[in-house]
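Participant: Chain by chain, the residues run as shown.
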Amino acid sequence: MPIGAILSRYLLKKIGWSVSTILFVLVLNFFLFRVLPGDPARAGVRDPRLTKDAIETLRVRFGLDKPVINCFDSLNPIKVGDCGVNPLDTQFFIYLRNLTQGEMGISFHSNRPVADILIERLWNTILLIGAGQILSIIIGVAFGVFAAWKARTSIDYSALIIGLVAWSLPTFWLGIILLFWGSNNGFPVGGKATPGISSSPFFYQAGDIAWHMILPTLTYTIVYMGEYLLVMRSSLLDVLAEDYILTAKAKGLSTFQILKDHALKNAMLPIVTIIAINLGFTVAGAIQIEAVFSWPGLGGAIYEAVGRRDFPILQGAFLLIAVSVVIANLVADLTYSFLDPRVQTE
Amino acid sequence: MAVQTIELKPSVPSSPVSGFWIIFTKNRMGVVGLVMLVAIMILAVFAPILAPYDPTTSEGIQSSDIYNAPSAEHWLGTDDAGKDVLSSFIYGSRVSLIVGFFAAFISIIIGGMIGIVAGFYGGRLENFLMRFTDTMLVIPDLPLIVVIVALTKPSLLNIIFVIGLLGWTTTARIVRSQTLAVKSRKFVLRARAIGAGNGHIILNHILPLVMPLLVVNAILVISLAILNESTLSFLGLGDPTAISWGQMLNFAFGRGAMSAGAWWALSTPGFGIVWVVLALTLLGHGLEQVLNPRLESHHLMPGRPVVQQEAATETSTGKYHAAKPIVLDVENLSIHYVSADKPPARAVENVSFQLHEGELMGLVGESGCGKTTLMMALMRLLPAAGQIVGGKVLFNHQDLTAMSEEEFTDVRWSGISIIFQGAMNALNPVRTVGDQIAEAIKKHIPVYYDKPVEERVSELLEMVGIAAQHKDHFPHQYSGGMRQRAMIAMALACAPQVVIADEPTTALDVMVQAQILELLDDLRKKLGLAIIFVTHDLGVVAEMCDSVLVMYSGVTAEYADVDTIYNAPRHPYTQELLKAFPDLSQPDKRLTSIPGYPPKLDALPAGCRFAPRCPLAFDRCSIEMPKLHTLNGGHIASCHLLET
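Each protein sequence line maps, in turn, to chains A and B. All residue numbers for the first sequence refer to the numbering used here, where the first residue is 1 and numbers rise by one. All residue numbers for the second sequence refer to the numbering used here, where the first residue is 347 and numbers rise by one.
Read the hints as simulated data drawn from the structure, not as lab findings. Among these hints, one or two may not hold up.
Simulated pairs of lysine-lysine, DSSO-like, Cα-Cα distance not exceeding 30 Å [unchecked claim]:
| hint | chain 1 | residue 1 | chain 2 | residue 2 |
| --- | --- | --- | --- | --- |
| 1 | B | Lys789 | A | Lys260 |
| 2 | B | Lys688 | A | Lys13 |
| 3 | A | Lys52 | A | Lys79 |
| 4 | A | Lys66 | B | Lys797 |
| 5 | A | Lys14 | B | Lys529 |
| 6 | A | Lys265 | B | Lys499 |
Next comes chain B alone, as it looks inside the complex (with noise of 0.2 Å):
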């Protein structure tokens, strides 16, 4: 559903990696994992400078120096050896990124060759290769690396091989499934059909793109072989001639530190392993954030409050003239897209229609017009960012922007309710149809029995042409045309007066649409719906609605009943696109369709939002909005052509 119609695209970078160092730098996260494993990394290499005595030998150290609290001499106290735990700690750094880095380095070799492989070849071979990676995923590593480790000598090399030969399984599946991924890609096929090798095509095309998320990986693989070997040190199983963290607390919870009440010596060293995988977990998040960047925003969002800021300035007077009492009245309807550091997008401004009781209406427009945004702000749907900044929806006289949240939950589905574009998306995929549609019912009509409820259920389900022992179907047994009609059948649960048709034959072929647009007349016709019907297609506006409203850019382009619009067109943009479209009286015409695109919302004109395509545009176009002007019959049309 394009209720997103605003792009959240970071600025364009000079080179891909100061470009990515800028959104990098931007990641607090990130930044501070980084600085703080740069900062163990120093610990690391100038350890002799840095540590106040040498962990390494026992000289000139008695009895009475074992477990002293921290003093002057010792900042951080002394250990179960009498030795100064703030020198073994700084020294213990060592240990850990060694054994990290170089496990983690076997390990995403191995890791992303199978993973690359399987993806790339593969058939039978990749079977193998994932098979033995799920099975070696399901054994749990750390008994397996102890049973290892403990057979053979615990020396630091041997830590490394057996942590590095056992990690590579998560790498090996993220690297299979992002070779699948690319593997397909246009560039890569076109390598190929140029004659490329299996090994050039890895080596310059796939890899270079496997390439983030592997990095990524290595991170996370880098603070699991820290955390293994910290384990193994601290069971026993460490290189007993290094000092690293893991032993340091073997040796303290061993040796009687948790009776003497020497908390220094059993704190500092998980300090140390902590602080290292705080910092790779924190720098793997920041680089997953922006190489992945998530959407910012979320349905269940507060909405921003209603305000009048905007005093309309223009009041169009013009209104469709029917018969019938008006259910719906938008007046001088303004809305925004607000964020923190750009100005606001103006994606609605001043649009006023009325809706009749059994009134359908047309709103055309080319894509990113604000036809969504208008649908979702009377529904208050609007996401997060979206804010009514003006003007009034009136609906039975009663003003729904000035409702609170809950009250406005009462009229949503029994009083206006809405067909989603993509039915597919819009229906839950773990619940059953039935179950979805007899949701809508009990929120609104209080029934204290299932019965009745399932009877219902299956009356609109048949009113729509789905036999009704298929309620009991998850949407993804339905087919494309189904859905769409289970989606009108729930819209229409509550007996609203007012539905919301938002492009709902989009992604369905020819004859399912007309079947479907039939069904949407007819059920209007029996029941007295009015309905706003949201579509491109001119040809099925000409044919069911009694009224149409073109817009623009986010303002009312031309409101009038359907056969003004089609017969006496008199906004220019109008015009273009009745001409970008067939007409069976003229079979000869020539069809043309309207050059460029509407504009961004963050880069609109500053006078009429179509002169920059309009072919009739002057001087004035470019500087002045023009108003909207009222002609006969409630024909509403913004130009400046119009002004007499």
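Just chain A, same shape as in the assembly (with noise of 0.2 Å):
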């Protein structure tokens, strides 16, 4: 069979399997919602805030009137209803329908869509994630092939303690010792930006953020560069015990020339693997990070969130953090089989 063929028979079968898990988060998150107290869509209905026409509107739009699914009314407590209704009547197929148009309900706190909220927060946490990732996977790798090539050191002993340490940090505390020294020597005391800043320049804007981005990057960069030091460290040492490594080594090549042309990317692949299993990890992190540092990002959403109870803007969050990770996965997934020629034989 061509290599093209088999590679994309592999892509469908990443695809398919991505598609499937999303299928699943979808339905985790309606029946999570009904099952457990505190339905988004009936409290909603319930707040006194709301005039009696937007009461009705909300009903209409939710279909609190249906049945919960096939057979049920109600899941929590539990009624028993038709089995015979029509499947594209029920609450369930309308929350499917409602999320294809972008709608996820409406914030109990703000009430604004929760698909415009969330939105703007995305990109917010993508920028967050994204800087830290980056700067944790050098560092950490960096940091990591050093401690490998010099192995049993004390420059590999050193390196070995820091990442066990720095792996051991909770997030949000590492954040608020941080927040609590630079809020003494300068730094913002949270944020994303300086209020008033927005009829500036952009460049200027532009620096507003990154000054604010500096801590919390700061400590997202810690606490992950632990993780890919010591996986770096593990599959270096491993690699550099192949005997491939020794045919380098007698072809003449510099040890600079090992580690670039020969170790690296077959080190490397350990740690795409790792990025795409700790990108959950990487989402609870980001959590912590917002909470602390009042980014406005989906993770300080779900922290303000769980404070006011805003069922709406949970479920929301919730729905939108999982897709992204299994989309990332997948992301890195493909990445993988495009560094490593082995895999697209398998």
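Combine the two chains into a complex, taking the hints into account.
Facilitator: Below is the structure:
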């Protein structure tokens, strides 16, 4: 079979898997909020600040007069209903239909559509995670390479200890400590921008955002650098004991050439897998960092929604995070298949 | 490749548990982690005794007590409610440990069951369970935990269940792959064959072997559960009736410790979390090192400097005479493997030989006789423990042992190149074969364009019988024979004078072996290469070689031209080796093998190293090491029987 066909079959398999995972997340997200107390749609209708007309509009839009799904009128408390209803006429289907139109409900707190609130926050989270990931990968990998190369020396042991300690740090606590230090040393106390900056020129605004990003990104980098360091070190130690490294040395290549051309690419492969697996943990870190630094991202939205019991936001943020992680995971998988020629023929 | 010939096995323990304990106590990280963990457990158990104040009551607290700095009364100051931070800290360890251990217990049970069932039963059930596991693994668990706890009541029990029910995915994956590995072992198959039920096999045969990995994984799961609990509490979703470190931080952070400058209230609870998680991480890391010890060295570790610590006691004057000039002259080379806690292992001692232009020398001997060590020393590729402790290697009259590492990189491949055994591992799996050959050319021959290099690569591949279009393929797309040919093409890339072929045909089938050997012999004649051919195959040696060096346990047994070795061997080892080899002229001859094995390097006999297995040994052999005797025509052998 030609390589292209095998590769595209691999691609299709991976994409299919991601799609089924997203569907699972959609179903989980629907039933979680209907089985457990605190159905956002019903709670929203009870909000005393809404007018009668508004409540009626919401009821129709979210189909609250309809059964939850075939056979069940309600799941908490459980009320068995008619199994013969048109599936298109249930809350589950209406939930799916609303999602395709970008409808995720109305925030209790601000009365704005959840989707509008979350989309602008998604970009802030991507900005923070992106900067943090890039820095932690670069620093972690660099330290890991250095430690493995200098294996069994004091450099290696120090790097190992630094990695283990960084891995053990609770993200939110490191954030608090850095914020405590930073606020006494002229750093902003949180947020994404100085109030009133939006009337300034673009570069001025960008600089202001970067200035606000320093401490959150530093927190992120320190915590996640530890794991990349440990994985890179151990992966490179394995690769450097391989026979093809001996071949490269026998060919007269310098240590630098061997590391660059023979060891790094092979040792980087586990890192790509770790990045994929870690995306879930990454989000956990983002929630904590955004909570501490009042960064207006999805994690911050979750933190605020928990405090305000703003369930529509909570539901929407969870959905958006889960779907983003699945997609990012797919991208990491495909990158892996691109980097490792062996995957394509498996 | 058999470069690491010395065994680094720990001494055999009396029982598995005490043996494990002995090895574990040598692991500094693991011990430190265990001590840290025990310390925090003591703190949790004896909290009411150790805490100076009772953090559950606010009796007698006044508004002036809020955020007081550390003092003699309150060693770590007071918090937002005027309570003693140290006392809350001590009580907080209880929640962390309780949630950590109980949640991890739930996760381990679920993950362990899913992993064992999936691995053991296989088929569709496995497919379904592992797909479910992978799906749950991708879904970020903290947001899910937050959502569920926010929707339900934030009680300690709830938190334990939610964290436990969502934390099993890594366990399931690890247990499954271990179960798969264990399932096909002989004793499991045997138990099945005698009719043991699945339940019996799982409980008595699989579980004990999965257990060690499960314990290491459990430690990781506990630490993640503790981190998740503290994060939940920090986010305001902790049990309001329990004092936990996360909640202390939530209160301090949310209730003005930042602006009050109360660093004690902000830093203390975090230290607790770091302490426990670090203790578990160190313990887990230590246990993993004990269960799964890594190789102690890698190929880029700096080699040991050459020392001339052993003056050559015996010099062999005999040189195999050939009309051509000598390219490689090895004189009294000795190599030790050095380790910190043991006396050096004498891997090669006083070996000498000469290689002439166009000569093919066979290097024979059983496994573990120092052949590969000797060859690696010629290329200065000894593992980090290996050290040249005496002798010279003259390549074109230049002493290779006296060169600096930088000077020596120029000799590698362009002067001496090597064909490794097992070409699958000797080629980098993620780079094309052509690319790996081109790399050697570019390193040693100054070229400024890719085209001549590409042409040279095609020419080399075609020379060894591989079509040039295969140069853009990866090693895994080659067959075993093709890989070995590609290795030969690579070895010839820089037109070296000497090629070392270290058992180039092991692991290949007989037809391919013959082709490869023929190819090597052709190339030698065409290109005038000198080849050192390391092998067990005496037939090949007889057919192709000009001279033969027989090594036994690191020393020269016999060295002579090929006719002498086959027709008039003088060393009993050579004679015994030949008896073990079929002779076409005497088809009725019985083949006999030499009983026993070569001695271990750390237990060498005092006298002749072959004496314990030698049929002709007499008293002197076990006391005194024989000298190298020079016989006529450069024939050398080391045996007391040759003394006249």
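Participant: Each hint should be assessed against the structure and marked as holding or not.
Facilitator: Do the hints match the structure? See the list:
| no. | hint | in the structure |
| --- | --- | --- |
| 1 | Lys789(B) - Lys260(A) | holds, 14 Å |
| 2 | Lys688(B) - Lys13(A) | violated, 54 Å |
| 3 | Lys52(A) - Lys79(A) | holds, 26 Å |
| 4 | Lys66(A) - Lys797(B) | violated, 73 Å |
| 5 | Lys14(A) - Lys529(B) | holds, 29 Å |
| 6 | Lys265(A) - Lys499(B) | violated, 49 Å |
Hints 2, 4 and 6 from the earlier list are contradicted by this structure; the remaining hints agree with it.
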